[in-house]
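One letter stands for each residue in the lines below.
Number of protein chains: 2
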Amino acid sequence: MELARFLPIARGDEPADLVLRNGRLINVFTGEIIEADVAVAGDTIIGVGPGYEAGEEIDLGGRYVCPGLIDAHVHIESLMITPPRFARAVVPCGTTTVVTDPHEIANVAGADGIRYMLDASEGLPLTVLVNLPSCVPATHMSTAGAELTADDLVALADLPRVVGLAEFMNVPGAVLGLPGALEKLVAFQGSVIDGHAPATSGKWLQAYVGVGPGSDHECTSADEMLEKLRLGMYVLIRETTAAKNMRALAPAVTLQNSRRCAFSTDDRHPADLLDEGHLDHLVRMAVAEGIDPVTVIQMATLNAAEWFRLRDRGAIAPGKRADLVIFSNLKDFCAEMVFAGGALVAQDGVAVGDWPMPVVDDSHVRDTVRVDWERISFRIPAHEGRVRVIGVIPDQVVTEHLIEPAQIEGGMAVAAPEQDLLKMAVIERHRGTGNVGLGFVRGLGLERGALAGSVGHDAHNLIVVGCDDVSMMTAARAVGDLGGGLVAAIGEKVLCSVPLPIAGLMSDQPVEVVREQMDRLLKVAQDLGSSLHDPFMPLSFLALEVIPSLKLTDQGLVDVEKFDFVPLFPD
Amino acid sequence: MELARFLPIARGDEPADLVLRNGRLINVFTGEIIEADVAVAGDTIIGVGPGYEAGEEIDLGGRYVCPGLIDAHVHIESLMITPPRFARAVVPCGTTTVVTDPHEIANVAGADGIRYMLDASEGLPLTVLVNLPSCVPATHMSTAGAELTADDLVALADLPRVVGLAEFMNVPGAVLGLPGALEKLVAFQGSVIDGHAPATSGKWLQAYVGVGPGSDHECTSADEMLEKLRLGMYVLIRETTAAKNMRALAPAVTLQNSRRCAFSTDDRHPADLLDEGHLDHLVRMAVAEGIDPVTVIQMATLNAAEWFRLRDRGAIAPGKRADLVIFSNLKDFCAEMVFAGGALVAQDGVAVGDWPMPVVDDSHVRDTVRVDWERISFRIPAHEGRVRVIGVIPDQVVTEHLIEPAQIEGGMAVAAPEQDLLKMAVIERHRGTGNVGLGFVRGLGLERGALAGSVGHDAHNLIVVGCDDVSMMTAARAVGDLGGGLVAAIGEKVLCSVPLPIAGLMSDQPVEVVREQMDRLLKVAQDLGSSLHDPFMPLSFLALEVIPSLKLTDQGLVDVEKFDFVPLFPD
Chain A
1 MELARFLPIA
11 RGDEPADLVL
21 RNGRLINVFT
31 GEIIEADVAV
41 AGDTIIGVGP
51 GYEAGEEIDL
61 GGRYVCPGLI
71 DAHVHIESLM
81 ITPPRFARAV
91 VPCGTTTVVT
101 DPHEIANVAG
111 ADGIRYMLDA
121 SEGLPLTVLV
131 NLPSCVPATH
141 MSTAGAELTA
151 DDLVALADLP
161 RVVGLAEFMN
171 VPGAVLGLPG
181 ALEKLVAFQG
191 SVIDGHAPAT
201 SGKWLQAYVG
211 VGPGSDHECT
221 SADEMLEKLR
231 LGMYVLIRET
241 TAAKNMRALA
251 PAVTLQNSRR
261 CAFSTDDRHP
271 ADLLDEGHLD
281 HLVRMAVAEG
291 IDPVTVIQMA
301 TLNAAEWFRL
311 RDRGAIAPGK
321 RADLVIFSNL
331 KDFCAEMVFA
341 GGALVAQDGV
351 AVGDWPMPVV
361 DDSHVRDTVR
371 VDWERISFRI
381 PAHEGRVRVI
391 GVIPDQVVTE
401 HLIEPAQIEG
411 GMAVAAPEQD
421 LLKMAVIERH
431 RGTGNVGLGF
441 VRGLGLERGA
451 LAGSVGHDAH
461 NLIVVGCDDV
471 SMMTAARAVG
481 DLGGGLVAAI
491 GEKVLCSVPL
501 PIAGLMSDQP
511 VEVVREQMDR
521 LLKVAQDLGS
531 SLHDPFMPLS
541 FLALEVIPSL
551 KLTDQGLVDV
561 EKFDFVPLFP
571 D
Chain B
1 MELARFLPIA
11 RGDEPADLVL
21 RNGRLINVFT
31 GEIIEADVAV
41 AGDTIIGVGP
51 GYEAGEEIDL
61 GGRYVCPGLI
71 DAHVHIESLM
81 ITPPRFARAV
91 VPCGTTTVVT
101 DPHEIANVAG
111 ADGIRYMLDA
121 SEGLPLTVLV
131 NLPSCVPATH
141 MSTAGAELTA
151 DDLVALADLP
161 RVVGLAEFMN
171 VPGAVLGLPG
181 ALEKLVAFQG
191 SVIDGHAPAT
201 SGKWLQAYVG
211 VGPGSDHECT
221 SADEMLEKLR
231 LGMYVLIRET
241 TAAKNMRALA
251 PAVTLQNSRR
261 CAFSTDDRHP
271 ADLLDEGHLD
281 HLVRMAVAEG
291 IDPVTVIQMA
301 TLNAAEWFRL
311 RDRGAIAPGK
321 RADLVIFSNL
331 KDFCAEMVFA
341 GGALVAQDGV
351 AVGDWPMPVV
361 DDSHVRDTVR
371 VDWERISFRI
381 PAHEGRVRVI
391 GVIPDQVVTE
401 HLIEPAQIEG
411 GMAVAAPEQD
421 LLKMAVIERH
431 RGTGNVGLGF
441 VRGLGLERGA
451 LAGSVGHDAH
461 NLIVVGCDDV
471 SMMTAARAVG
481 DLGGGLVAAI
491 GEKVLCSVPL
501 PIAGLMSDQP
511 VEVVREQMDR
521 LLKVAQDLGS
531 SLHDPFMPLS
541 FLALEVIPSL
551 KLTDQGLVDV
561 EKFDFVPLFP
571 D
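Keeping their order, the protein sequence lines are chains A and B. Numbering follows the working numbering, in which position 422 of the first sequence is assigned residue number 422; successive positions increment by one, without gaps. Numbering follows the working numbering, in which position 174 of the second sequence is assigned residue number 174; successive positions increment by one, without gaps.
Read the hints as simulated data drawn from the structure, not as lab findings. Bear in mind the structure is a predicted one, so any value in this text is a computation, not a measurement. One or more of the hints may lead you astray.
[What the hints assert, rightly or not] Facing chain A, from chain B, some residues (calculated, C-beta under 10 Å):
| no. | residue |
| --- | --- |
| 1 | P8 |
| 2 | L156 |
| 3 | V186 |
| 4 | G212 |
| 5 | L231 |
Ideal Cβ positions, reconstructed from N, Cα and C, are used throughout, including at glycine.
Build the full structure now, drawing on both the sequences and the hints.
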């Protein structure tokens, strides 16, 4: 709001638009709960306290008012929905600002992907801020759809709603000062640089902190968190579908060190979002784990705002953006009303009022599955001997590096479902190179048919596993026909699919539809014998060549400890 | 330090320059005290913890290590010494960074004065950051040496070591949105804007906060402090020669609200600096008042750094500037060693090592007393009647507005020392306009002679008080002859003087010399009958037309409540 417009209302010479009366305000600056009215005009908080008049009044009857919640680190693509759909799903939970790292779509579509995420989130009740993906591609041992150099990132840095550099995963690159990594860090010195340094400690951690990354959302133990906090890092406590850190970290939060703690939902799946909630779920968990509720709200608002230098939000004070959450219970946080930019946008968990659906040119991020199917074959000529097998560990993204006797039929190495040994292929899908990495995987428990998907961190090539080559080809081609998605097939029949036409990562449907599609797909996968609740989740990490131990990319098998390719047949 | 140089040392592949072993580190991020070594190379902290090797080692034997102290708001000119002399005086106290508002010299010399302060503090062990004076001149009811418009300030904003906009004293201008004030606030939106809002509260305070000022160093009561903290203002607790707020404010500091509290020495006189110390004095007082010592050190370091967005200091962590203080006693903070930018610069209260004395062209800030003495007369033709008298209140800068019978001799209103009624003149000294404001003052207690000085907030015109016109003229002309200074005279004889050749505000001598000169001058003033310990102090505020009640500028008597001129003779 222009200052000249703000001032007469602030002085009380002109009425505000809205007064919330009789609230109990969570003052995140002082840690107090204060009875107060809150006056709002346009998108701005005018003042806090008695004596404001307005065109509209709402009596809060003693309910609590806190600032809108801020998710410090999220990959919207992981929810498989577009930014406007995401906004509609999370704002009713009380989240009014997110800092998203469009790392996934950038691996598919590069700068076009980042621009799409910005365009598609323009003008929403949810403020979507973008941190630029720092590590695209993850390595050169897989073929991503794009590469972002330091110069590419600098060219994007001044776009509206761009904050800084997102999770700097290349810890060795930073600490060893390798050219590509160091160039990015130098280019963003002085800006916000989010870190990503799982299990890094001692001198390496200090070297890492010293070159710029100032936050971390990868802590899994209290000791790790304390070491990072002591170095001044902001610790973004993460609770996601796959990585649940709240219970381990919450007990280490104190009144003194909480100042640099905030929250991250990172990667959450549609079902968890709908069943548990978004940042409100983390707030409830943190309170349940014993952190003082006002401290928890500071973590979910002011602290995140301070880390990202968002001086227009994160607190209820004159001149700040009027992002407000009304709730009744400190111990069981539940957003009853959500105001974003001064407008009531959600009530009792449901979006209300006019929500814009940005009209976006998404042509650059559609039809991204580009495979020359004539060149694709899953046949593995072989004779007797041993073969490397990727061993899936339930609920983890790390794998085992197994070596076992190969199953040979007619001069070919094949799957052996009765031994839980599936064939796996990673098909390069961005440039039509015809690259196919082939291998074997254990632990998905499929007894027949095949599963395929275009979600495959980080390069997001087309991953397919199956019991026979025909089913695999059916599933893989179906993904291609959809322009991206998740598919289950048997023989030449497609059994079920979830279309993900945006970059092969996101649906264009609401989260409820995606969740229903996913539920159906998972049921089919179980009917095919899968022993896992969600086999697509480990599937999507089987091609991520930076996470131990054995992974398969479109270029071949990677021994992650050796950081190099290894042959499928070790002998 | 360049990242490529930092990394091999941080990894431990190359030795550091210095390791401080066996320290007890005040961790301002977590509020902990942690046994640790601190490794330093060049001007940078390399790491904290065991295992660092270095060319030089110092065994701290369990002494405490904390970050160098940060003075959040100081007017260096008030100490009457130049920046290098100031640095040499305060760094041994543990202060390694100050944010100075060169408001005084800017009123004399405008942008040239600000540039002088920057030039004269270049390369010192003390980091001198400059906040741009926001209100030059204070009003148009006195004649200052310069005017700084919004455009002038913006032109200075990108100079190295310029932080933002200093204490925005024009509260009505801000709240009413008056053009000159609003223009400056709009120009600095998004930057650091220090506030200055004594006794402002309620809607006016909220309007003020909403247009930008984010700190305040004028709180005098706990209630005032809490109201400001609740609005997100940083409260800079001030303890100066004239304004002592620590005892009133410290009891209101809590673990929860301390995060936005820091310290300011504002205006301190040489004797207090030498007798009590600098920011270390405030640290000791705050601890004595019951604030937890680690919280106090957070206030004196990290909190100030966060307010001013100084991400390179305020904490001991890798990559930060190696500004460190070694001390032994948490309850009686006393800097035993001070490191600035990695170098030992003070030990046991004394500067050590090579200290640079910047060579500066100070011609623009010398010879600033420009008076056409032929045009100056102190005669006040009058007949019987009443006259306005400025009533000095001991230890305060506000005055009483008295109306009393005039003393008439030979058709002139004259002083009557036996009634403690002195004549006063304010001589415009920047442009030689010949302006002289004439009036009377009570409360200085002078029995004979005159006192004069070129320090006269904010316009810094030449102020003289005396028992007779001859003594007054002798004292005033002596100030002119010195190119600025403080003088005591009787008849045609100058008794004592303190030369202040830099802008008429600062000596070019060390603080010890200035203190000795001041002691002699104050002794002489007492010999002349002054009842006050330091009559020059109230004298310097008698021309400040923004502080109630009655003041005298070069343009005449000002009734501050009416914000307008009033005649000397009311009838």
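Hint by hint, here is what the structure shows:
no.	hint	verdict
1	P8	holds, 8 Å
2	L156	violated, 21 Å
3	V186	holds, 6 Å
4	G212	holds, 8 Å
5	L231	holds, 5 Å
In summary, the one numbered hint that this structure violates is 2.
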